[in-house]
Amino acid sequence: MGRTRIEGAFAEARRENRAVLVAYLMAGDPDLETSYAALCALRDNGADIIELGAPFTDPMADGAAIQKAGLRALANGTKLTDVIALAARFRKDDQTTPLILMGYANPVHSMGYETFADAAATAGIDGSIIVDLPPEEDAPLRELYTRHGLSVIRLATPTTDEHRAAKVSEGASGFIYFVAVTGVTGAGSADPAAIAGQVAMVKRVSGLPVCVGFGVKSGAQAAEMAKIADGVVVGSAFVEKAGDAHATGRFKAAAPAMGALARELRVAIDSVRKA
Amino acid sequence: MDLRNTWDRWPDANGRFGEFGGRYVAETLMPLVLELEAEYRKARQDPAFAAEMQDLWTHYVGRPSPLYFAERLTEHFGGAKIYFKRDELNHTGAHKINNCLGQVLLARRMGKKRIIAETGAGQHGVATATICARFGLECVVFMGETDVERQKPNVFRMRLLGAKIVPVSSGTGTLKDAMNEALRDWVTNVETTFYCIGTAAGPHPYPEIVRDFQSVIGREARAQILEREGRLPDAVMACIGGGSNAIGLFHPFIDDEGVRLIGVEAAGYGIETGMHAAALNGGRPGILHGNRTYLLQTEDGQIIDAHSISAGLDYPGIGPEHAFLRDMGRAEYLSCTDDEALEAFQLCTRLEGIIPALEPAHAIARVGEVAKDLGKNGLMILNLCGRGDKDVFSVAKALGVDV
Ligand SMILES: Cc1ncc(COP(=O)(O)O)c(C=O)c1O
Chain H
1 MGRTRIEGAF AEARRENRAV LVAYLMAGDP DLETSYAALC ALRDNGADII
51 ELGAPFTDPM ADGAAIQKAG LRALANGTKL TDVIALAARF RKDDQTTPLI
101 LMGYANPVHS MGYETFADAA ATAGIDGSII VDLPPEEDAP LRELYTRHGL
151 SVIRLATPTT DEHRAAKVSE GASGFIYFVA VTGVTGAGSA DPAAIAGQVA
201 MVKRVSGLPV CVGFGVKSGA QAAEMAKIAD GVVVGSAFVE KAGDAHATGR
251 FKAAAPAMGA LARELRVAID SVRKA
Chain X
1 MDLRNTWDRW PDANGRFGEF GGRYVAETLM PLVLELEAEY RKARQDPAFA
51 AEMQDLWTHY VGRPSPLYFA ERLTEHFGGA KIYFKRDELN HTGAHKINNC
101 LGQVLLARRM GKKRIIAETG AGQHGVATAT ICARFGLECV VFMGETDVER
151 QKPNVFRMRL LGAKIVPVSS GTGTLKDAMN EALRDWVTNV ETTFYCIGTA
201 AGPHPYPEIV RDFQSVIGRE ARAQILEREG RLPDAVMACI GGGSNAIGLF
251 HPFIDDEGVR LIGVEAAGYG IETGMHAAAL NGGRPGILHG NRTYLLQTED
301 GQIIDAHSIS AGLDYPGIGP EHAFLRDMGR AEYLSCTDDE ALEAFQLCTR
351 LEGIIPALEP AHAIARVGEV AKDLGKNGLM ILNLCGRGDK DVFSVAKALG
401 VDV
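Quick note, the sequences are listed as chains H and X, same order.
Numbered according to this note's numbering, the first sequence terminates at residue 275, and the numbering increases by one at each position without gaps.
Numbered according to this note's numbering, the second sequence terminates at residue 403, and the numbering increases by one at each position without gaps.
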């Protein structure tokens with residue numbers, strides 16, 4: 001098999017001596033049309049990788065912003081099949097930007113792991129982060145992913161010691177998502193100095209690029225994280241733009257606002273030159 | 001097949017009961033549930049741990065609870081002899097304290113000073129707040145907004161006991177939302193905090209831990225009925241929310257092949273209406289709150305809010321061991337509507353002079369049919385797992401009485 005789109009994104013960033021920007025949005029919030037426009041705006045303004053959130057009624061690792069975004073998406077009827085269809089629509093005109101589905105196990109389990117892996121691969125999705133499928137529980141999905149060329153992206157956290165990092169790395173591919181704080185999405189921000197050693201450890205143990213997320217909202221914070229990691233993930237800050245659009249009823253404002261934030265983050269991250 | 005060997009295998013090393021259970025948690029929590037399992041295994045080997053628990057069970061909780069022959073209810077139905085296992089006489093009024101005591105003692109061994117819990121009816125919250133007061137530990141209880149409203153007496157009791165109540169408004173503000181919020185707190189405060197789960201659900205090892213602590217109910221009942229009647233019962237019955245009082249009663253009887261294990265789920269307005277809490281009778285397998293089990297969910301795998309007049313049964317899932325027992329055909333699961341439970345609540349109160357909680361009223365509503373089915377020579381035990389003081393206001397409201 002050739003290089004995956006995710007590997008391609010990291011290779012390009014390395015060539016340009018910069019970190020990657022990973023942007024998260026909730027599919028279907030405030031509606032699917034807006035999400036499509038947002039995907040394009042994020043890509044056009046410098047997001048290297050996009051995480052497409054799949055809504056779930058009981059997102060136990062998410063803070064208020066993403067909880068509400070998920071409920072808005074569910075309220076307008078967004079289903080997992082719609083999220084996959086949104087990815088397929090984006091993929092028609094974009095063969096390079098990696099799309100990662102991020103969500104919880106039950107909707108995927110409900111669709112059936114095999115059906116899901118098949119549909120995701122066909123749609124041009126590159127991998128997934130299923131928050132409540134730790135390595136102990138994702139074996140059935142992992143096998144199917146290998147067959148379909150999808151990446152299993154795992155999480156590491158401040159509670160991950162070296163022994164656990166080895167477990168997290170087993171069968172992982174694409175990159176490791178390092179959750180910077182113990183807590184839910186959108187909560188407090190991490191001190192890069194406090195996690196730098198652990199990020200380096202996870203990178204060494206896994207042999208994969210490491211992206212840091214949770215609590216990163218501004219360009220300044222993103223630049224700090226870019227110094228210690230291969231990539232920076234920003235989620236709640238983008239989701240809040242969709243929330244604003246929903247609140248004002250001006251859905252068309254969402255994509256430009258998300259694009260502007262991506263641009264700000266991109267410039268800040270690029271100010272950090274990586275060896 | 002030697003059932004004894006078979007049943008003792010569960011949960012397996014991966015925390016599974018057949019296809020159910022497991023540890024479906026965010027990575028942040030994985031080291032914590034693994035540590036909890038290791039600490040629990042150590043505690044279980046330690047005679048000092050067992051001795052401390054036994055002492056408090058006896059002198060603080062008031063165990064053993066009596067096994068009582070419900071003579072008038074038996075006469076009323078005209079079938080098998082019905083015994084009540086009277087766990088409503090425990091300190092704090094329900095079975096919940098059996099488990100809280102065990103978990104808080106475990107937390108103390110692990111050096112945790114802050115205890116969090118979710119609660120529906122408020123019984124688990126009250127029990128947790130009680131044990132925390134006893135040991136001088138900080139206690140934070142997550143409770144859905146809807147439940148804060150319908151279980152006011154328990155909310156006040158928890159505050160008196162020094163607990164902090166966090167009303168949860170996300171979702172529909174009931175038990176599942178309280179559990180989400182407790183998990184979010186745990187993910188945030190991993191160093192200091194012990195999550196005391198109130199039912200036989202959640203990620204491994206919780207279903208096993210809660211079962212083991214609640215099994216005191218079945219162990220006592222088994223010895224008591226042998227002493228009173230000289231034989232094992234034909235059936236044991238309990239209501240099911242997450243399934244802790246039921247698994248506590250069932251477990252010591254699992255190897256007794258002749259004993260029927262009967263759980264009663266809450267059918268709310270009726271299973272056909274979709275407004276119920278009967279995960280086994282009206283759901284299908286899925287993944288929520290750390291385990292794979294039967295769940296109320298849409299075609300698309302979104303969780304459907306449960307409905308029951310009883311806040312303690314208002315949960316869209318069920319402990320994984322029950323899912324397993326049902327699929328293996330070892331236990332049977334019936335259901336009971338809000339109206340039937342209200343009727344049984346009044347029947348038990350009038351005939352036995354015992355005001356049951358709305359939760360066991362669900363089991364009482366089905367006991368007549370089983371008693372008749374077993375016949376006059378039959379013998380059965382029903383777990384009267386909670387008293388109804390907490391419910392008198394909501395029952396009055398349901399009956400249209402102004403108090
Ligand atoms: C008295 C009583 N019985 C039963 C339950 C249901 O829980 P479980 O099925 O875990 O026993 C509750 C829960 O709050 C309760 O308070």
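Simulated from the structure, these hints should not be mistaken for laboratory data.
Ideal Cβ positions, reconstructed from N, Cα and C, are used throughout, including at glycine.
Don't take every hint at face value.
[Said to hold, decoys possible] Beta-carbon label-pair distances, calculated as ranges:
{"#": "1", "chain 1": "H", "residue 1": "HIS163", "chain 2": "X", "residue 2": "GLU191", "range": "52 to 60 angstroms"}
{"#": "2", "chain 1": "X", "residue 1": "GLU149", "chain 2": "H", "residue 2": "LYS274", "range": "37 to 45 angstroms"}
{"#": "3", "chain 1": "H", "residue 1": "THR248", "chain 2": "X", "residue 2": "LYS152", "range": "35 to 43 angstroms"}
{"#": "4", "chain 1": "H", "residue 1": "GLU33", "chain 2": "X", "residue 2": "PHE135", "range": "54 to 62 angstroms"}
{"#": "5", "chain 1": "X", "residue 1": "ALA38", "chain 2": "H", "residue 2": "PRO140", "range": "54 to 62 angstroms"}
{"#": "6", "chain 1": "X", "residue 1": "ASP12", "chain 2": "H", "residue 2": "CYS40", "range": "53 to 61 angstroms"}
{"#": "7", "chain 1": "X", "residue 1": "LYS152", "chain 2": "H", "residue 2": "PHE251", "range": "36 to 44 angstroms"}
{"#": "8", "chain 1": "X", "residue 1": "THR298", "chain 2": "H", "residue 2": "PHE251", "range": "54 to 62 angstroms"}
{"#": "9", "chain 1": "H", "residue 1": "HIS163", "chain 2": "X", "residue 2": "LYS42", "range": "13 to 21 angstroms"}
{"#": "10", "chain 1": "H", "residue 1": "GLY2", "chain 2": "X", "residue 2": "GLU35", "range": "35 to 43 angstroms"}
{"#": "11", "chain 1": "H", "residue 1": "THR146", "chain 2": "X", "residue 2": "VAL392", "range": "44 to 52 angstroms"}
{"#": "12", "chain 1": "X", "residue 1": "SER169", "chain 2": "H", "residue 2": "ALA275", "range": "58 to 66 angstroms"}
{"#": "13", "chain 1": "X", "residue 1": "GLU272", "chain 2": "H", "residue 2": "ALA220", "range": "26 to 34 angstroms"}
Going through the hints against the structure:
1. At about 18 angstroms, the beta-carbon gap between H:HIS163 and X:GLU191 misses the expected band of 52 to 60 angstroms.
2. Under the hint 37 to 45 angstroms, the C-beta atoms of X:GLU149 and H:LYS274, about 55 angstroms apart, miss the expected range.
3. At roughly 38 angstroms, the beta carbons of H:THR248 and X:LYS152 sit within the given window of 35 to 43 angstroms.
4. Range check, H:GLU33 to X:PHE135: Cβ separation about 56 angstroms, and the 54 to 62 angstroms hint holds.
5. X:ALA38 and H:PRO140 have their C-beta atoms about 26 angstroms apart, which leaves the hinted 54 to 62 angstroms range violated.
6. In this structure, X:ASP12 and H:CYS40 break the distance hint of 53 to 61 angstroms, their C-beta atoms being roughly 48 angstroms apart.
7. Distance hint check for X:LYS152 and H:PHE251: the Cβ-Cβ separation is about 42 angstroms, which falls inside the suggested range of 36 to 44 angstroms.
8. Taken as a hint, the range 54 to 62 angstroms is violated for the pair X:THR298 and H:PHE251, whose Cβ atoms sit roughly 25 angstroms apart.
9. A beta carbon spacing of about 19 angstroms between H:HIS163 and X:LYS42 agrees with the range 13 to 21 angstroms that was offered as a hint.
10. Checked against the given bound of 35 to 43 angstroms, the beta carbons of H:GLY2 and X:GLU35, roughly 42 angstroms apart, stay inside it.
11. Look at H:THR146 against X:VAL392: about 59 angstroms separates their beta carbons, and that is not inside 44 to 52 angstroms.
12. Between X:SER169 and H:ALA275 the C-beta distance comes to about 48 angstroms, which lies outside the given range of 58 to 66 angstroms.
13. For X:GLU272 paired with H:ALA220, a C-beta distance near 57 angstroms fails the hint of 26 to 34 angstroms.
When the structure is compared with the earlier hints, violations turn up for hints 1, 2, 5, 6, 8, 11, 12 and 13 and for no others.
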